[in-house]
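**Student:** Heads up: the sequence lines are chains A and B, in that order. Following the working numbering, the numbering of the first sequence begins with 1 at its first residue and continues without gaps. Following the working numbering, the numbering of the second sequence begins with 289 at its first residue and continues without gaps.
Keep in mind that the hints were calculated from the coordinates and are not lab data. Here the structure is a predicted model, which is why all the values come from computation and not from measurement. It cannot be assumed that every hint is accurate.
[To be verified] Not everything, but these chain B residues come out facing chain A in the computed CB check (under 10 Å):
{"no.": "1", "residue": "ALA356"}
{"no.": "2", "residue": "GLU366"}
{"no.": "3", "residue": "ALA373"}
{"no.": "4", "residue": "VAL377"}
Using N, Cα and C, we set each Cβ at its ideal position, and we do this for glycine too.
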Amino acid sequence: MRRSLLFLPGNSPVMLQNGAVMPADALIMDLEDAVAPDQKDAARLLVTSALRSLDYSQKIIVRINAVDSGHWQQDLSTLVPCGPDAVMTTKSSVEAVKQTAELLTELEQANQIKPGTIGIIALIETALGVEQAYEIATASERVSALFLGAEDLAADLQCERTKQGAEIFYSRSRLVLAARAAGIDAIDTPFTDVQDDEGIITDAELARSLGFSGKAAISPRHLSAINRIFSPQPEAIRSALAVMAALEQGKREGKGAVALDGKMIDAPIAARAAQVLAAAEKLGLLPE
Amino acid sequence: MKIIKKASAGTLESSDVLVTVQPADILKLELESPVLAQYGEQIEETVRTVLADLGVKTGLIMLQDQGALDCTIRARLETAVRRGAEQEV
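All chains, please: the whole structure from these sequences, using the hints.
**Tutor:** This is how it looks when you write it as structure tokens:
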């Protein structure tokens with residue numbers, strides 16, 4: 001599961017080493033915005049060395065530079081031998097995803113890694129990217145998630161980025177729709193006010209309610225709220241268990257239709273209950 | 289790899305190391321570290337291993353360590369050497 005994804009600047013030794021003990025489901029080692037143009041070489045080698053030496057329990061994602069930057073091919077050729085779980089394409093387009101997937105295949109073969117092992121998380125941060133979200137999501141079988149980058153998107157939309165997020169409401173919904181239609185995860189943009197402990201809760205709850213599967217963070221301070229909000233809640237687990245028990249009982253009794261507390265359990269309710277229990281099982285939240 | 293110009297990598301921030309390399313006729317190491325007494329030999333061994341892996345036989349190699357992990361020392365040293373040899377990755 002990828003409930004929480006923590007960005008780590010790729011050229012910061014202290015952040016990369018501290019990342020190993022952060023309670024995030026995934027770490028995003030950033031070779032792009034967080035690294036100055038004249039330090040790209042240093043960041044690549046630092047991330048490579050950290051991945052080879054430190055014992056990360058989290059999923060590892062490397063955010064690579066854009067395909068028109070002149071850096072992305074070197075990013076991949078340096079990092080692929082370390083076997084990250086996924087790479088994040090910046091300012092994603094259908095063409096960028098396809099080019100990345102092709103080079104990944106070449107590099108996996110050259111490094112004796114099974115082709116297709118390394119996934120792609122497509123960072124959507126332009127108006128065109130939002131418009132083409134489904135096409136991007138299905139541009140390669142490697143794409144395992146769409147990721148909303150709201151700061152760049154707001155600039156592209158020529159509007160102010162606010163804490164309330166009205167300016168990205170449509171984009172959030174559109175991204176979730178595209179991702180779910182493609183059968184992959186949708187990951188929400190970070191909440192950038194590191195000091196606002198109430199704001200992160202409101203923002204994460206909104207994202208969860210829209211259907212996002214997880215949310216990124218730029219500060220470890222936000223991780224516990226994100227993990228809690230994107231985990232199945234105790235009441236939802238109890239309800240899902242009751243639904244499944246009622247279905248089992250109905251099956252044993254040969255009933256065609258089953259009700260729980262006076263409400264019919266139809267296929268969507270059963271499917272949602274199964275999703276909740278699957279997530280709870282992965283997180284070890286099911287009762288003994 | 290031959291160091292043909294002065295180059296550096298890293299910073300003086302905590303947990304980092306600033307590595308500077310420059311051409312020389314012999315191989316010479318200069319190490320400053322707050323943990324020199326405890327880990328000086330280990331750091332020097334790491335430096336010599338990295339230099340050998342990169343095929344560096346001569347040069348002045350200066351490290352200003354700020355408590356960097358072994359993996360950071362390796363990365364910064366390789367970056368500095370590659371920059372000094374004009375063979376950046």
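**Student:** State for each hint whether it applies.
**Tutor:** Outcome of the hint check:
1. ALA356: 6 Å, holds
2. GLU366: 5 Å, holds
3. ALA373: For B/ALA373, the interface hint is violated, since the closest Cβ of chain A sits about 12 Å away, which is over 10 Å.
4. VAL377: It holds, given that the least Cβ distance between B/VAL377 and chain A is near 5 Å, below 10 Å.
In summary, the one numbered hint that this structure violates is 3.
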